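Going line by line, the protein sequences match chains A and B.
Sequential numbering from 1 applies to the first sequence in our numbering.
Sequential numbering from 250 applies to the second sequence in our numbering.
For the record, the hints were derived by calculation from the structure and aren't laboratory data.
Being a predicted model, the structure only gives us computed values, none of them experimental.
Even for Gly, the Cβ is constructed at its ideal location relative to N, Cα and C.
Be aware that one or more of the hints could be misleading.
To be clear about the criterion: a stretch of chain B counts as covered by chain A if any three or more of its residues have a C-beta under 8 angstroms from a C-beta of chain A, and this derived list gives those stretches [as the list claims (entries may be wrong)]:
1) 294-304
2) 329-343
3) 361-368
4) 381-387
Cut-off 27 angstroms, straight-line C-alpha distance, at most; resulting in silico cross-link-like pairs (DSS-like, lysine-lysine) [said to hold, decoys possible]:
5) B:313 to B:373
6) B:368 to B:313
7) A:197 to B:410
8) A:62 to B:323
9) B:292 to B:320
10) B:368 to B:320
11) B:323 to B:368
12) B:320 to B:304
13) B:304 to A:62
14) B:253 to B:368
15) B:292 to B:344
16) A:116 to B:344
17) B:410 to A:136
18) B:313 to A:136
19) A:136 to A:223
20) B:373 to A:116
21) B:292 to B:304
22) B:323 to B:313
23) B:304 to B:323
24) B:344 to B:320
25) A:178 to A:136
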Amino acid sequence: MRALFDYVLKLGDDSLILGHRLSEWCGHGPILEEDIAMTNIALDLVGQATTLLTYAGELEAKGRDADALAFLRFDREYRNLLLVEQPNGDFGVTMMRQFLFDAYRLPLFERLQNSKDATLAAIAEKSLKETKYHLKHSSEWVIRLGDGTEESHQRIQEALNTLWRYTDELFQEDDSEKELVALGIVPAISEIRDAWKSNVDRVFAEATVTIPSNNWKHSGGRKGMHSEHLGYILAELQYMQRAYPNMQW
Amino acid sequence: MVTKDQVWQWLEEVSDPEIPVLTIIDLGVVREVALHGQDCEIKITPTYSGCPAMKTIEDDIVSKLSEKGVKQVKVDLVLSPAWTTDWISENGRNKLLEYGIAPPTDEVDKSVLFAEPPKVGCPKCASHNTRMISLFGSTACKAQFQCNECLEPFDYFKCLK
């Protein structure tokens, strides 16, 4: 089913690109424990991406496996959110990006566990357990930085000001998704948005940060219209397969 | 003639590559053993989605069974029901503790946000006066703790439910 392929691809691309972004912190973390934490979370996300893209390949039934989907698609064929491809910035930007994403992924996976598609439900059930730890970690950092020193507060607030414009895209539902909602395969996005908003508000209140009043929103990733950052990510991610086609190790 | 029970027994000789003190049976990742004539089919489930040990476990199962004379072995990865730390055997928990890794507590995960870290006993002095250093540790399945009494830094096998 085309609609399901598209949907699974979106989830897989989100995990892959955010996992890659986090892996860029390897060896650069502000403290050893955080270096380890970010690479651990990257590992979970890349693991989820492998499962999701494998399933997407099966749904498509054109012989593409997870590697082919990850390494041999161009930027316009990627369906990830603009949020996850944004640069790491400072640690505050990375944690804010992670929090906004984790707070969306948790209610999404909770509901996808009941999907009428058994494979998607199984992937969600598995990934949900990991996502709980991710959200715990990122929400605690947002609070610690927001309600921390003057400097950390200012930086995490700036991170929110920069990233907020990408959050609308998390909750845009296209026609193919509506088709899946009608079939009971995917939850209605409004449910996810409500759960997300209530958690985001709770954490921001504790962190003493405020949602920027500028309401201008940016989207396009889900349709393959990406920011300039994705091209650089893919250049690194796909280098080996592009330079040495079909290489294996 | 090979029996299922034999296969389960042989699998007890395959250890987890990251925590070698545990066998894959202790860990609870082997879900099913099926025999079809000469063919053996084994279902395993990953602890974490990105667990890099799964491929090694798969290879180790194949080579262990081949050593025992089972030549046709197929290992499948199943995701559902998702692995939980409840599947670690009692024996496995004791081995972890002896090895210096605090086994998962049975705390039910009440909330994700604003949750207190679990109360974990120190594997060296058994004191519960410990603190969490980081939610993430040397592998995806562990967190880092330190004992406030004897100062021992230790790994805690995170509860996954």
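Consistency of the hints with the structure:
no.	hint	result
1	294-304	holds (count 6)
2	329-343	holds (count 5)
3	361-368	holds (count 4)
4	381-387	holds (count 6)
5	B:313 to B:373	34 angstroms, violated
6	B:368 to B:313	39 angstroms, violated
7	A:197 to B:410	25 angstroms, holds
8	A:62 to B:323	24 angstroms, holds
9	B:292 to B:320	17 angstroms, holds
10	B:368 to B:320	47 angstroms, violated
11	B:323 to B:368	41 angstroms, violated
12	B:320 to B:304	19 angstroms, holds
13	B:304 to A:62	25 angstroms, holds
14	B:253 to B:368	40 angstroms, violated
15	B:292 to B:344	24 angstroms, holds
16	A:116 to B:344	40 angstroms, violated
17	B:410 to A:136	15 angstroms, holds
18	B:313 to A:136	39 angstroms, violated
19	A:136 to A:223	30 angstroms, violated
20	B:373 to A:116	48 angstroms, violated
21	B:292 to B:304	13 angstroms, holds
22	B:323 to B:313	13 angstroms, holds
23	B:304 to B:323	13 angstroms, holds
24	B:344 to B:320	31 angstroms, violated
25	A:178 to A:136	31 angstroms, violated
Figure legend: structure checked against the earlier numbered hints; hints not met, in rising order: 5, 6, 10, 11, 14, 16, 18, 19, 20, 24 and 25.
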